[in-house]
Amino acid sequence: MTGSAAAAAAHIALRRRIPLADGWVFRRAGDTAWMPASVPGSNFSDLLRNGVIEDPFAGDAELRLQWIENEDWEYSCAFEVSGEDLAADSVALVFEGLDTYCSVALNGVPLLRAENMFCVHRAECRALLRPGRNELTLRFKSPVALGAERRAREGVLYPAENDKTADHASVYVRKAPYHFGWDWGPKYVTSGVWRPVWLDIVRKARIAELRHEIVSLSPERAELAFTVEIEGQADGQAWLELTCDRPGTLPVRHPVALEPGMRPHRIAATIDDPRLWWPNGLGEACLYGFAVRLVDKDGPIDAMEQRIGLRTVEVVNHPDAHGECFYLKVNGRPVFMKGANYIPQDSFQEAVTPERHRQLFRDTADANMNMLRVWGGGVYESDLFYDLADEHGILIWQDFMFSCTLYPSDDAFLQRVEEEAMQAVRRLRHHACLALWCGNNEISLGVAHWEWPEKFGYSAEQFAAMVAGNARLFDALLPDVVARLDPDRFYFPSSPIGHWNDPGDDMRGDGHYWGVWHGELPFATYGERLSRFMSEYGFQSYPLLDSVKRFTAPEDRAIGSQALSVHQKHGRGDAIIGRFVREAFGEPGSFEHFCYLSQVLQADGLRVAFEAHRRNMPMCMGSLYWQLNDCWPAVSWSGIDYYGQWKALHYQAARSFAPVLVCAEVHDGGFRIHGVSDLMEDLAVQLVAELVDFDGAVLWREAREVRLGANEARELLLVPATDLPALDRASAVLTLRLTRQGETLASNIVHPAAVHASALPEPGIEVEILDAGAVRVRARRFARAVHIAAAPIDTPGSPINFDDNFFDLLAGESRVVRARDGRRFDSATLRVTSVRDTHAAMPARIALEGPAQRAAAAEG
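To convert a position in the sequence shown, counted from 1, into the working numbering, add 1.
It is possible that some hints are incorrect.
To be verified - Simulated restraints, written as ranges between beta carbons of each label pair:
(1) Asp669 with Pro619: 50 to 60 Å
(2) Gln416 with Asp795: 43 to 53 Å
(3) Leu522 with Gln563: 55 to 65 Å
(4) Ala754 with Asp388: 43 to 53 Å
By construction, these hints were calculated from the structure, which means they are not laboratory data.
Predicted model only: the values in this text are computed from it and were never measured.
Don't be surprised by glycine CBs; every beta carbon is placed ideally from N, CA and C.
Input sequences plus hints: build the corresponding full structure.
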């Protein structure tokens with residue numbers, strides 16, 4: 002917003018929003034004593050804050066805190082209302098999120114009942130308010146108990162295999178599915194006021210919604226149609242004033258007739274020489290800030306602001322010669338999607354601060370991603386989340402909140418879902434980042450392949466009825482909501498379209514490929530099994546020891562300890578990681594080394610996938626790995642751990658998702674070298690490929706001029722085995738560079754064969770601290786997966802991430818690495834590790850003096 006527009010929007014004389022964030026208390030139902038509570042919040046966080054329970058994330062605390070989900074809870078708040086406010090035309094209580102079964106009373110009089118965590122509730126309450134002190138009381142019933150009651154009443158056990166509660170009745174409860182447990186998260190079934198509560202005091206009218214439609218878009222002009230939903234309280238005459246914070250559009254003043262009830266009003270606007278919104282890496286994510294004010298002869302009545310991006314997004318999904326394509330076109334241009342699956346950032350939503358959201362999007366954009374999939378077992382995220390996605394050019398694949406099980410389909414359940422879906426679509430549809438809607442995660446896959454009738458004893462008739470109910474929800478209700486409220490946005494019922502265990506499905510739409518993890522197949526399989534759009538795949542790793550220390554006691558820091566077993570939710574997880582680590586690197590020397598090697602392994606494995614997906618563009622047009630982040634400290638598939646520490650995987654994603662990529666695959670003893678470019682321009686570059694041994698000797702070299710087209714992936718060079726010298730492939734690496742006029746556009750180091758830690762040379766890493774935010778590392782001999790760690794001195798508890806890490810260093814090569822986001826570290830805590838160190842302890846030499854000290858010493 003410009004200063005004038007922001008000031009105008011902020012100056013609202015007649016509508017007031019009074020947040021009810023203070024003075025809350027809570028108790029377990031039946032207890033007499035009240036305790037202080039926080040809103041937004043949850044019963045778990047409030048119990049922890051009052052010293053009633055231990056840290057839910059520490060050790061094996063999860064095992065001792067399951068009683069909380071079975072209890073009912075009461076919350077109360079007293080607040081003041083003035084006589085002036087009571088003279089308004091309307092006073093409503095707005096609850097942005099009640100978790101989940103809640104009866105609300107105001108001054109002892111029932112006001113509303115809630116039974117959907119995902120819905121906003123608004124209740125007119127002026128008649129129940131009194132001048133001065135008022136009391137709000139909320140009674141939350143146990144979602145576990147009510148779900149069990151509904152299951153007993155219905156008599157149907159749905160196949161909710163991720164639900165860890167005794168009755169597996171979470172499908173009856175419209176609440177975040179991950180709260181009931183998942184294979185990467187705990188079972189903490191919360192209750193409470195999870196989003197803000199406020200009094201909405203309205204005189205004359207309020208703006209209920211602002212939405213827009215791009216009528217036409219050309220390089221010369223954009224034509225927009227805004228719809229302003231106004232809820233009037235009485236008849237009157239007013240005006241809508243529309244302004245924009247960027248040049249190219251003129252203010253619009255539009256007369257409106259106010260009348261009781263909700264009425265839409267349309268305003269046309271134009272933008273000359275419009276600037277497009279582009280995904281991260283392709284251009285500016287340009288946003289136009291519009292402000293609409295409702296005014297009458299007495300002054301402003303209400304205002305609303307909205308930022309919009311001028312772009313077109315088309316999801317292309319239809320049968321073709323190879324099967325069924327699935328890709329996105331942005332502003333008419335096919336774009337390869339690079340990113341990850343996003344899960345909620347915390348088991349307790351109130352802990353997700355605005356800064357955590359901001360950091361997550363900085364991390365996402367800095368890893369060269371352009372898409373996140375908001376997975377269907379979590380929540381519809383906050384407004385800030387989508388605002389930040391708009392700002393950073395991150396497209397959002399948005400699931401509705403259904404995952405991995407069939408659901409009820411009775412009329413009452415479908416009515417609740419329809420209201421939930423309508424609210425979600427209305428709230429999110431104006432965002433430039435929003436690319437598509439997906440009905441659910443993996444339910445169609447489960448119906449076809451997970452043998453639910455055999456597992457749960459369904460008769461053929463019973464299962465057919467359940468599947469028909471599934472179609473009512475995902476093939477009728479949800480697409481109808483999207484078609485009515487967001488008709489230009491793509492919807493499809495269920496992801497994935499194909500199944501990983503059936504190679505015949507590989508060419509059908511999007512795919513979740515889990516043969517490498519669940520099937521325990523080698524990483525090379527990622528290069529052989531490709532979908533048209535890879536929307537899930539992954540491999541687990543441990544957090545680094547510094548993170549493990551934050552949620553365990555010293556005696557717990559061993560594979561298989563009870564505390565770590567509680568934080569490893571996959572039954573075969575440790576065995577799979579352990580086998581792959583030993584095969585790749587040999588036996589780790591310590592638990593700390595195991596944690597580190599598990600991350601190197603995870604990054605190595607997914608690098609195979611990243612490169613295979615990108616070099617097979619345009620046959621494959623998307624790569625979203627599982628998963629970006631964690632909701633608690635855990636052994637999981639994440640690339641960023643719960644505390645915000647980048648794992649090796651996230652650093653590898655940043656390298657593999659760079660705008661220009663050079664990579665190679667081993668082929669018949671030789672190499673196929675590929676180039677990939679996301680750029681909009683053709684590139685004339687020099688390819689330099691070298692086989693280099695661990696001491697730095699160049700054993701083979703090839704340099705040639707090559708062309709790489711705009712938005713193209715192609716083979717740049719085929720190197721047959723006969724062109725290469727005879728050598729032990731485990732003692733050399735292939736280095737690749739693409740340069741243009743002396744500038745390196747892309748580089749890579751390829752390992753022709755796996756090398757155990759014991760077979761690597763002693764790298765002789767030398768470290769020089771340049772200042773409190775930068776370090777130079779140099780290797781005398783080849784160093785594999787160099788990892789730099791240090792404690793912060795600016796924000797304790799917030800880990801230091803560097804601009805690169807877990808990188809290979811050639812013999813004689815040095816690299817300067819800086820802390821991200823301008824962070825500063827304690828030089829005394831600096832540690833450097835490479836794969837060779839996991840076989841024999843050989844710490845890098847740390848030179849604590851900086852350039853100034855060295856210069857002074859030389860002069861002396």
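Q.
Given the hint of 50 to 60 Å, is the C-beta distance from Asp669 to Pro619 inside that range or not?
A. Hint violated: Cβ distance 25 Å, outside 50 to 60 Å.
Q | Distance restraint hint 55 to 65 Å, applied to the beta-carbon atoms of Leu522 and Gln563 | A | violated (31 Å)
Q.
Can you tell me whether the CB distance of Ala754 to Asp388 sits inside 43 to 53 Å?
A. holds (47 Å)
Q) Between Gln416 and Asp795, does the beta-carbon spacing fit 43 to 53 Å? A) holds (51 Å)
The earlier numbered hints that this structure contradicts are 1, 3.
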